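Undergrad: Based on these hints, arrange chain B on the given structure of chain A.
Those protein sequence lines, which keep their order, are chains A and B. Under this note's numbering, the first residue of the first sequence is numbered 1, with each subsequent residue one higher. Under this note's numbering, the first residue of the second sequence is numbered 1, with each subsequent residue one higher.
Calculated from the structure, these hints are not laboratory results. Do not take every clue at face value.
Simulated DEER-style distance windows between Cβ atoms [said to hold, decoys possible]:
{"id": "1", "chain 1": "B", "residue 1": "T61", "chain 2": "A", "residue 2": "D364", "range": "37 to 45 Å"}
{"id": "2", "chain 1": "B", "residue 1": "D160", "chain 2": "A", "residue 2": "D29", "range": "43 to 51 Å"}
{"id": "3", "chain 1": "A", "residue 1": "G11", "chain 2": "B", "residue 2": "R92", "range": "40 to 48 Å"}
{"id": "4", "chain 1": "B", "residue 1": "E96", "chain 2": "A", "residue 2": "R181", "range": "51 to 59 Å"}
{"id": "5", "chain 1": "B", "residue 1": "L337", "chain 2": "A", "residue 2": "Q247", "range": "46 to 54 Å"}
{"id": "6", "chain 1": "B", "residue 1": "H236", "chain 2": "A", "residue 2": "D29", "range": "40 to 48 Å"}
{"id": "7", "chain 1": "A", "residue 1": "K361", "chain 2": "B", "residue 2": "H236", "range": "54 to 62 Å"}
{"id": "8", "chain 1": "B", "residue 1": "T61", "chain 2": "A", "residue 2": "P147", "range": "50 to 58 Å"}
{"id": "9", "chain 1": "B", "residue 1": "E200", "chain 2": "A", "residue 2": "G11", "range": "41 to 49 Å"}
A few chain A residues facing chain B, derived, Cβ under 10 Å [said to hold, decoys possible]:
{"id": "10", "residue": "W14"}
{"id": "11", "residue": "V15"}
{"id": "12", "residue": "P17"}
{"id": "13", "residue": "H34"}
{"id": "14", "residue": "C71"}
{"id": "15", "residue": "W88"}
{"id": "16", "residue": "Y89"}
{"id": "17", "residue": "S111"}
{"id": "18", "residue": "W171"}
{"id": "19", "residue": "E254"}
{"id": "20", "residue": "K255"}
{"id": "21", "residue": "R258"}
{"id": "22", "residue": "P265"}
{"id": "23", "residue": "L276"}
Being a predicted model, the structure only gives us computed values, none of them experimental. Beta carbons: idealized from backbone N, C-alpha and C, even for Gly.
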Amino acid sequence: FSLAAYRTDEGQPWVLPVVKKVEQKIASDASLNHEYLPILGLPEFRANASRIALGEDSRAIKENRVGGVQCLGGTGALRIGAEFLRRWYNGTNNTATPVYISSPSWENHNSVFMNSGFEDIRTYRYWDAAKRGLDLEGLLQDMEAAPEFSIIVLHACAHNPTGTDPSPEQWKQIAAVMKRRFLFPFFDSAYQGFASGCLDRDAWAVRYFVSEGFELFCAQSFSKNFGLYNERVGNLTVVGKDADNVQRVLSQMEKIVRAIWSNPPSQGARVVATTLTSPQLFAEWKDNVKTMADRVLLMRSELRARLQALGTPGTWNHITEQIGMFSFTGLNPKQVEFLIKEKHIYLMASGRINMCGLTTKNLDYVASSIHEAVTRFQ
Amino acid sequence: MAALSLFLDVPLTTEVNWLLDAYQQDPSPHKVYLDHRDCQTETGKAWDYPPVSQTLLQISTDPTLDHEDLPELGFSAFTRAATELALGRESRALVENRAGSVHTIGGTGAVRTTEAARGPWRCTWPCRSGPAPLSAPADSLRCIFQDVGFTELRSYHYWDTARLAVAAEEFLQVLESAPEGSIVMLHAPEETGLTPKQWEDVARVMGKKRLFPFFDVPAQGLASGDLDRDAWALRHFVAQGFELLCAQSFSKTFGLYDERVGNLIVVARDSGSLVRICSQLQEQVRATWASPTSLGARVIATVLSNPALRNKWKQSLRALVEKILLIREKLKAKLRLLGTPGCWEHLTAQVGTRSFTGLLPSQVAFLERSHIYLRPDGQFSLCSINAHNLDYVARSIHEAVCGSV
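Chain A with its partners taken away, still in its complex shape (with noise of 0.2 Å):
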């Protein structure tokens, strides 16, 4: 429950069928090399994942001013992108520039920032846990207050841990501030299609901000959505006011990608890119991806049935609010210590589950357990 990777019902991680597909695909494709990747990665699989995130009628990508980084994960997206502003934005203030961090955030984001040379990281509020939801009135309040250009990093979708993402409405106000205050939108995009089974659901925040005219960075993570963790599959989207900048932008992160990694790994990308090039594959694919997010989806609308008809003290529609991997199941770290030592079930010291370690078979002992920790533990 505390790992961050899909299992199926069973237990057991999936390879999705159309990877697998693919994959083999490739293996006896002999008309492929194995000659070094550009610098900046394989080209179809860079447009396409750009084109996935910003949409097919996406018009800044018609207008050209779109532009993608082949990196290692999500994870080397960020960093390439933060690299590259520690560099290069905010005139000479570059490493004083705030970085902004919701509050909780996944641990890693940091130390990519922190590795990368900025000296100013901050947090923004995010989670309310009186609430057990957004703390839309700080996170507003918070960005307020943020120095002009100050740089902030914004989940996508699906909010990790506490799986609590804005409404539109919300995300919209969100915008309205940054727009003012002329803050720097980095987007961590890990779970598009994976939160909701749609991805353009799930890709509605990124496009809302390219559509107000922001330039911005999208760090996109395939990990999830394709299954691929150990390919280590990401693309850092860059959009700008125009093709001159993007271009410029991009060659900046040519030198900057040659000093850490030289050239990304083929293997994802070329599975990703033979997927999404692929009206068949495609249609396949998005199938998948729905499969593993109703699962999910299910084990969320089931757990809380259950807690609701045992009467578990508290609220628990939050479990079936929050969406994607995750779960702020707002207990607190008496109530975690006894489920880990007393009834085996793993979670974060923060209350976060990982909602895929949750099978039909272990429904029942996990409510129960639950229920058991909150009436003993307050």
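TA: Just chain B, lined up with the frame of chain A:
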């Protein structure tokens, strides 16, 4: 929204691929690129290692394999096999449990991870603003060091451009005068042409001056055709008790350029230090690529640990080495036949996948006007020469040399 772009002041840089860009933009049908990073067959396709394609196919149909994240430090079956390949199974460092490894993204990733981590090691190892890395003519390494903040990068040469031979004496002098604690990048030791005796001298001086060895091994097995022989220098240093680093790349030796398989070997004073060092490296990895890529490492681990595949692979390596030797002979013969002024023995005296032509910068510039592209220092890749371009290359070198005599 602001009317001007946030990226307005970002300058365009074209320095990354300048040589390749120049070659690609050249419309001449005769153009030749002599700076390939990969090893090619006569027809210009990538050199094929049969066990590799075989294993790739097998992996793609193996139902027991999944795509779960690798540990941060990588695929241990791979790192173990790779480290043993370099250090030798009986290595003191392995036996005493003070050699560790990190599975990285290519040789570049190996060097980058270490040097980026060096900041926190201020107390144990040379710190960032202190003594400088010395690096042989391998500019790709230079940009890594610059990027992580080293300001004092110095060069040394083991190749004497006047005498067209290995210049061990000069190298030793540079080492003698280096500040204590400097990091010395030993790039492609297997291809330098230094003899074991000369390496012993290098080790002695480096030990005396407390210089830190950082080996970079891109082609173990492709210099002499013998894996152990090519690893002699590295193993000697380990046997002498040095603490050192070694970045291994498997791009050339397995033909898996695009899968970016590298291994960073750490040889520490004791297992306690090793643990501490690896934890620092782990942190760097976490903030850069989180965990490494699986496919290439899986292939290599499979090939190295299967006796039959391993033998086939070694045969393939030797075949490539023979091909390279043949190219050297042919080029030298052609130049002799043409009566090109100068001595061309160095073409066959050097070993490995890359060599110095011995051409002057002005002659290299002449070659570029003849649509032949190589580095300004005259270094070229042997595998870039094949039956189709050999004549043209030889003739052009002839003209370049005659023209400047």
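Undergrad: Among the hints numbered above, which are violated by the structure, and what are their numbers in rising order?
TA: Hints 9, 12, 18, 23 not satisfied by this model.
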